[in-house]
Every structure is written in structure tokens, then in C-alpha cells.
Amino acid sequence: MAENSASYPDTVALPPLSRPKEVEELLVDAIDLHCHSGPAAMPRILDHYEEMQDAAAAGFRAVLYKDHFYPGMAHAIILEKLFPQSGVRLYSGVALNNASGGINPHAVDHAIKLGGKIVWMPTLSAANHINVQASGQAKTFPKTSQKMLDPIPLTALDANGKLTDDTKKVIDLIAEANNILAGGHLHVSEQHVLFEEAKRRGVKKMMVNHPTYVVGFADSDIRQLVALGVTMEHSICMFIEGKSKKFSGDDLAHLIEVAGVDSTILSSDLGLLGSQRPVDGFRSITQMLLDLQMPHASIKKLISENAAAFLDLPAKRAAQ
Numbered sequence: 108m109a110e111n112s113a114s115y116p117d118t119v120a121l122p123p124l125s126r127p128k129e130v131e132e133l134l135v136d137a138i139d140l141h142c143h144s145g146p147a148a149m150p151r152i153l154d155h156y157e158e159m160q161d162a163a164a165a166g167f168r169a170v171l172y173k174d175h176f177y178p179g180m181a182h183a184i185i186l187e188k189l190f191p192q193s194g195v196r197l198y199s200g201v202a203l204n205n206a207s208g209g210i211n212p213h214a215v216d217h218a219i220k221l222g223g224k225i226v227w228m229p230t231l232s233a234a235n236h237i238n239v240q241a242s243g244q245a246k247t248f249p250k251t252s253q254k255m256l257d258p259i260p261l262t263a264l265d266a267n268g269k270l271t272d273d274t275k276k277v278i279d280l281i282a283e284a285n286n287i288l289a290g291g292h293l294h295v296s297e298q299h300v301l302f303e304e305a306k307r308r309g310v311k312k313m314m315v316n317h318p319t320y321v322v323g324f325a326d327s328d329i330r331q332l333v334a335l336g337v338t339m340e341h342s343i344c345m346f347i348e349g350k351s352k353k354f355s356g357d358d359l360a361h362l363i364e365v366a367g368v369d370s371t372i373l374s375s376d377l378g379l380l381g382s383q384r385p386v387d388g389f390r391s392i393t394q395m396l397l398d399l400q401m402p403h404a405s406i407k408k409l410i411s412e413n414a415a416a417f418l419d420l421p422a423k424r425a426a427q
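Take the sequence shown: its letter number 30 is residue 137 in the working numbering, and every next letter is one higher.
Worth flagging that the hints you see were computed from the coordinates, not collected in a lab.
Hints are not guaranteed to be accurate.
Derived lysine to aspartate or glutamate pairs resembling EDC-like cross-links, with alpha carbons at most 20 Å apart [stated by the list, open to error]:
hint : residue 1 : residue 2
1    : LYS220    : ASP273
2    : LYS269    : GLU303
3    : LYS128    : ASP161
4    : LYS306    : ASP369
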């Protein structure tokens with residue numbers, strides 16, 4: 108599907124739901140592992156506090172804040188302390204872009220020691236991301252409010268196509284902490300090498316971010332990495348109404364079938380301008396899954412239970 112070039116307001120309203128009661132019931136205990144609330148160098152439609160409020164009102168279990176430039180653990184820790192009544196667990200991690208020193212074991216060590224749950228390989232600074240943007244294939248990708256220094260292209264591989272020593276050190280830190288290793292915006296060819304070595308080094312939680320956007324996965328790549336134990340994370344924003352919509356409900360059904368429900372997580376990737384708020388995005392995608400005749404048990408896995416396992420949380424919260 109061609110990228111939508113229409114002009115959007117800052118926030119896209121939640122479209123009417125045909126089964127609102129079912130949607131709200133399914134959203135209880137939902138987990139968002141990819142929330143782009145602010146403050147951020149890129150303009151956002153809500154901040155971390157507002158996202159926590161939205162998530163609490165919907166009965167979400169946890170939210171993981173992602174920023175391309177800074178680790179968000181400090182915000183998560185302080186917000187949980189200030190608003191314990193929200194009932195929402197808050198997490199974050201570190202994206203290994205230029206702002207964090209690139210593929211930097213010291214940044215990963217610090218993030219883990221501060222309670223970080225995920226390490227994203229380079230995103231905006233990935234050589235692949237830079238190349239894709241230069242080619243015009245990611246026209247709707249958000250831009251920073253102010254001009255930043257030009258990125259220094261990053262790759263996980265050396266000149267011989269092998270993982271760099273720093274990448275191996277990062278993998279070892281992730282394995283020791285039982286953290287999540289996410290592929291970021293590395294090219295599919297790099298991600299195969301990355302995850303194969305990560306498995307050899309004992310990483311248990313491995314995730315590909317939006318495999319069909321920027322990173323270049325085909326169905327065969329998805330099947331191959333799922334067989335290795337990697338989970339596919341699809342961005343809700345790319346399937347629902349808003350500036351970032353690129354795919355249809357049928358596309359989503361196909362991708363879930365390719366990887367399998369047990370190896371798929373749906374996360375919002377929302378907070379950007381011209382889009383629905385993250386929790387509304389979960390409402391929209393849940394309605395879409397219902398329209399696709401997805402069983403309730405499968406929907407719970409996709410929006411809650413699979414992500415809970417990645418955060419070392421029980422499949423369901425204990426009864427209050």
C-alpha cells in the first residue's frame with residue numbers, strides 16, 4: 108500500500124468502534140512495549156505522564172517508553188513513585204544511536220543497572236535507516252523539532268561481515284541481565300547475523316521491530332528468525348487510521364499467520380503527530396482483530412501475554 112500523504116491534525120480521533128465493550132474488556136492488562144510519548148526531540152502528542160493516565164484508565168498493565176535519543180528509566184521510576192495508584196508498571200531501555208555513543212557497552216551496562224528492560228540496536232543512526240531515508244522510502248518518518256547533527260552511520264558488522272567486538276559485548280551484557288535485544292533499524296541481513304550470535308551467547312528474549320518497515324523482512328526471513336526463537340513486533344500505528352498507516356487488516360492477519368500468535372507482539376509505536384494516542388491505537392487494533400475473527404485468547408497473547416513474558420511478569424495479574 109502506498110504511504111498516505113494526506114495532511115493530518117496533531118491527534119487523530121479514535122474511529123467509532125462496533126464492539127466497544129469487547130474491546131475495553133480485552134484491553135485490561137494490555138502492555139505497550141513501544142510507546143513514543145514525550146518529552147522528546149521529535150514533537151509528540153502526549154507526554155509520559157499523560158500516557159500513564161490513559162493506560163491506567165484503560166486498565167493497562169505496563170507501558171515501556173521508547174526514545175531514540177535517551178534512556179527513559181528515570182522518568183519511569185519517578186512516575187511510578189509519584190502515582191502508585193495508577194497500577195501501571197512503567198519501563199524503558201536504551202537505543203544505541205549516536206546520542207548514546209553508538210553500539211556502546213557502557214551505555215548498555217548503565218541502562219541495565221538503572222532497571223532498563225530492553226536494548227534497541229541503532230534506529231535513526233543505523234546505516235540502513237539513513238540509506239532508506241535518503242532513498243525516499245520512509246517519507247512519513249517523524250522529524251526532530253530542531254535540526255540535529257547529521258547522524259554517523261552505524262552497523263553491527265565489521266568490514267568482513269562479522270559482528271563487531273562491541274556488539275558482542277552488548278549481547279553478553281543483555282544475556283547476563285536476561286534483557287530484551289531488539290533489532291532496531293538494522294538491515295535484515297545484519298539482523299540474521301545479530302540474532303544467530305545472540306542465541307549462541309544465551310540471549311533468551313529477541314525481537315524484530317516492524318519487520319516490514321525500513322528493515323526489509325520478507326516472509327521467509329520472519330519464518331527463519333522465528334524458528335531461531337525471535338519474536339516479531341508489529342507497530343500498531345502502521346495498520347490503523349493516521350499518518351503512519353501503510354498496511355491493511357489483511358496484511359496484519361497474514362503477518363500474524365506467518366510468525367504465529369505465540370511469536371508476535373503488537374505494540375503501539377505511537378505518540379507521533381498525525382496519529383491516534385497510543386491507548387486509542389490499541390483500541391483500534393483490537394477492533395481490527397475482532398473483525399478478523401481472531402479468538403479472544405489469541406488477541407490477549409498479541410496485546411498482553413507475550414509482552415508480559417518479555418518483562419518477566421506473570422501472564423495475568425493476581426486478583427485484587
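Hints, one by one, checked against the model:
Proximity of LYS220 to ASP273 is assessed by CA-CA distance (about 18 Å); at most 20 Å being required, the pair is judged to hold. For the proposed pair LYS269 and GLU303, the alpha carbon gap of about 12 Å is at most 20 Å, so the pair holds. Pair hint LYS128 plus ASP161 holds up; C-alpha atoms about 17 Å apart against a cutoff of 20 Å. Of the supplied pair hints, the one linking LYS306 and ASP369 holds, its CA atoms being roughly 18 Å apart against a limit of 20 Å.
Checked against the numbered hints above, the structure violates none of them.
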